[in-house]
Each structure stands twice: as structure tokens, then as C-alpha cells.
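Given the coordinates of chain A, assemble chain B onto it according to the supplied hints.
Same order as they appear, the protein sequences are chains A and B.
Per my numbering, residue 1 is the first one in the first sequence, and the count goes up by one each step.
Per my numbering, residue 1 is the first one in the second sequence, and the count goes up by one each step.
Everything labelled a hint here was simulated from the structure, so no lab data went into it.
Note that the structure is predicted; figures quoted are calculated from it, not measured.
We put the CB at the ideal spot given by N, CA and C, even for glycine.
A hint or two may mislead.
[Claimed, not checked] In silico lysine-lysine, DSSO-like type, Cα no more than 30 Å apart, as pairs: (1) B:Lys-77 <-> B:Lys-290; (2) B:Lys-209 <-> A:Lys-16; (3) B:Lys-233 <-> A:Lys-144; (4) B:Lys-290 <-> B:Lys-233; (5) B:Lys-233 <-> B:Lys-77; (6) B:Lys-290 <-> B:Lys-217.
[What the hints assert, rightly or not] Here are some, though not all, of the chain B residues that point toward chain A, as calculated from beta-carbon distances under 8 Å: (7) Leu-15; (8) Ser-18; (9) Pro-20; (10) Leu-49; (11) Leu-106; (12) Trp-107; (13) Thr-113; (14) Ala-124; (15) Val-128; (16) Ile-129; (17) Trp-130; (18) Phe-177; (19) Phe-235; (20) Leu-240; (21) Ala-274.
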Amino acid sequence: LQRGGAVFLKNRPAFKNTALTIISVVAGAIFLFPLIWMVHASLLPDALVIREINTLKQLFPLSLSFQNYADVFRRVSFLKTLAVSFGFVLVIITVGLFFNAACAFALARIRFRGSGLILTAVTALIIIPFEALAIPLFLMVGVKWQLMNTLPGLFLPFLVKAFNIFFLRQYFLSLPTSLEEAARVEGASWFRIFLSIGLPLARPALVTCVLLDFVTHWSEYLWPLLMTNIPSFETVQIGLGHFYTLPPIQWGDIMAYSVMATIPVAIVFLFFQRQITQSFLQSGLKM
Amino acid sequence: MKERVTPFLDNHAGLLLSLPALTFLLLFIVWPFVLACYGSLTNMSFQTLMHPGTTRFNGLNHYRDLLGDPAFRNALKNSFHFTLLTVPLQTALALCFAVIVNGSLLWQRILRTCFFMPVITSMAVLSVIWSLLYNPQFGAFNGFLGLLGLPPQPFLDSPFQALYCIVVMSVWQGVGFQMMIFLAGLQAIPGELYEIARLDGAGPIQRFKYITLPLLKNTTVLVIFITTVFAFKLFVQPHLITHGGPEGTTTTLILLLYDEAFTHGRYGRASAVAVTFFVVVLAVALLQRKLLPKEDKA
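Here chain A stands alone, though its shape is the one from the complex (with noise of 0.2 Å):
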């Protein structure tokens, strides 16, 4: 751009920002052309999957359908799959957040013997890797409880997180106590106030917590990976990992799954994007 060029556009602010804005929407979508490609293929017959995309020529085509999104829900129960994934990050982000914030609660608020030694305790867990206790984990609750395909299998090791109690309690110290000690003068047991006044309060570390929660595990692979033996317990990464390589293997189809495997995280992302990204990031201050 010439001189003439950086004075005009200093000149119209406005003219800035659209042609920035342009320059922007083309770049994000070179930067997410696996994602674009993804959908654009699940949309095409199969034939032209293999054949368009080397040459380009149907970046814009003509004819999209859904059979290959048809073409999956007949070869495998992919509703089945689904079900089990939302039953396992269900009952993380419920069951298990509840535990997470009662300990921090108690962590935070309730001076009692071993607290301390408990907190250095969780924090210290943080470290360890869940890589470093699969095959301890997989001996344990698949062979010897014997819960493999079975919803617990999956979701007991991830129920209660050192992270997310350590977070929580961290939240919780920095939320006043005037509200709770006036209800310990009035009597309230503590078990009522985490009940009524703790988890109200924590709200917005909760969210996050859930956020956090549902898009790790939705994504969990290694583990789901070990406790499945069988297709139709299977949880939708795994399952996509199977279809992958079952024949016949037909593109179109394999990234029809891919994309209903994506939806639901994708719709929690349109919903709570900027509560997402501040997620990752307090994930990641934090660690």
C-alpha cells in the first residue's frame, strides 16, 4: 500500500474497520478451513468428496444433501453413542461438581483438624497426569469391579477433580461472610448454608466448572477408549474412531459423523463463548 493509500485509511476510521473486518472474516475462515472442510464434505455426495476437492472446483456446490448424515444413522446407532457420552458428562457436571464444591466449601470456610494438610494434599494432586494412572484405573474398575460398559465405568475417575475443588475454593474465599456467619448465628447448620447461601454465591465458578468440565470430557478419548469393548457403549470419539475405519469407507459419511460429534459442543459455544474462552483461561492461569 503507497502513502496515498495509509493516509486515506487514516483518514475514514470507518473504512478501516470494514476492510479489516473483511480481511479478518477471510483469514478466520483460511485459519478454519479443516472445520469448513468438514462441513462442506459432509454435505456432498460421495463421489464428488474424493473427486471436487482436489481440484477445488466445489468449494460453492450446487447439489448438498444430507444422505450421508442418513447414511450414518443406518450404518451404526449413532443416537445410541450420543446418549452415552451425554450420561457421562452428565453426571460429571452434577454428581461431581457437587462433591468438588462442598470439599471446597469446607476447605474455604469450616476450620476443622486436617484441613490444611487436605488442601496441601489436593493441591498437590493437581500434577498428575490422568496418563499416568490409566492402567492402575483400567485394572482397578474394569477388571476387577468389572464395570466396563457400563456408564459408571466411565464416569467414576473423573467425578471429583483436585483442580476444580482447588479453583471453587479459591472462589469461595474471595466471596464475603457476612451473609454466612449471620446465619450461623441464627443457627443454620453448615451443611444448610453450602446448601442455600455456598453454592448460590459460587455461581459464576460453577459455570465455569461446567463449562470447563463438559468440553474436556465430551472430548475424553483415552479413557472411554479402555472401559469400551463392545460399539454400542461406546462414546461418540470413540465411536467416530470406529467409523473411521469400518467399511466402506466413504468420506462424506465419516465427516457427517464428525460433525454431529462436533454439534453439541458447538452449541454450548455459541451460548457461552465468552464465558468458554474466560474458562480455558482461568483453567490455564491456574495451573
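Relative to chain A, chain B alone:
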């Protein structure tokens, strides 16, 4: 509020409220961790599991064997190779992206969203998509190369390119997350600093070099730490699309662990790999703590 809980329960409320979580932590983190460490010192395997009583203590044999095992050394090498490539690339790219989208203008928000979208998409889905894009025969990437008049590449089929292909897709997937952390760091820098620098006649490059970079030091250490740990966990991509091949060039530490344990049933040996992996992660974490000033520690 009406009180129904007995004083005894209320006096022990702290312990009672933490009890469910503590039970789970003990049962699903502490105990398995102990078992992993112990298991790595035994001959535990699928066979010993079938015949109770045949498990025996092995000492450090597994660790000694692993050190001499070409497969383990190869996996360790690949994991380090992948990490050494991914971490600088992703960190640098994330910093660039963060500087570009640091603001609240519409175009910056659009880009921010685009950069972040792969982060929430599952690795399994992304691996499948990228493996099709990398397909040597029909993949879009060779299509692009063809349009540019360049020869087609084998990508994931080549022992020389496969790991780099996984690096590219992994950097692409995770860069948005690192960008968000850098953004938080950038927003913590007081705007007046830039004003003063501008009045002193500092150009944008000088401002970046003398204000942004030094003040982002802690953020950078954090980003490098997180990226390193993530990189060492590399598993889904090689498991799903390359199976560790071609010629073992994409076999990572976790893939080796998975194969040893769940393909060959050598639980003891695989536990030794798991402990090694944990030691690497711990070392990285300790290094990070050392590099960060005290107030930034969790």
C-alpha cells in the same frame, strides 16, 4: 431457618462435606498412583492377572530394560522431538495472534473466535479431518500443492513427514488456548506505559521489544509450561491416524504405554513408562516454579 441437623454432625461439618471428594481423590488418584509406582517394580502382566499368586517383585528391572529398549528410546525421542517443535512454534504463533487480536474491535473479536474454535473441537474429530486432508491421493493439501504446481507429498505415509504433519495440526489446534493466556497477560500491562514510550518516540517494534516482551515474561513461562505438558501427552493423533507409524516415527511415550499395557498386557513394564512420563511432567512443573517469581505461584 429451622435447625434439624444434630450438633455432632454440625461439629464435624468440615470433614463430612469434604468426605465424598476425599474418598474419590484417594480411590481414583492417590491409590492408582501408588499402584502405578508399585506395579512398575513388579512383573505384573495379563498372565499374572490370570494366575493369581504369580506376581513377584522385580526391583528396577523394568526401568533398566526400558533404558536399553530401542522402542522406548524411540518413543522418548519422538515425544521430545514433538515437544521441542510444538512448544516454540505454538508459543510464538500464540503471541503473534494475541498481539493482533488484543482489542475489542469487531474484526479482532471475529479473529479471536476463529482462533479459539479448534480448541474446543475434540482431538478425535480433528485428527480424522486432518488425516483426510493429508491423504496423499485425494487429500485437499495435495490438491493445493497441485494448484501451485508443486509435486504431491506423502505426508502421513512418509517417515520423514509424519511427525511434522502431526506437529502442524497440533499447533493449529492448540494455538487459540495459548493465545487466550497471552491476551490476559497483555491486558494486565498498563496502557500508560505505551503512552509514555510513544511520547518518547518509540516505534511499535521498540514498544513490543522493550515493554510487551519483558512484561510478558511470566505469562510466557506459563504458556511454555502448559504447552510442554500437553505436548508430552500426545496420544490421540498417533493412535487414531498413524498408529505410531510409519516405521515408528510417530510412536510417543503415551502411545507406547497404551500398546505395552493394553495390546501386549505388560502392565508392570507399561507402569514403568507411566512413572517415567510422570517424572518428566513433574520436572517440567518444578522448573516452571523455579522460573516464576513467588507471587505467581498457585
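Unmet hints by their number, sorted upward, for this structure: Structure breaks no hint.
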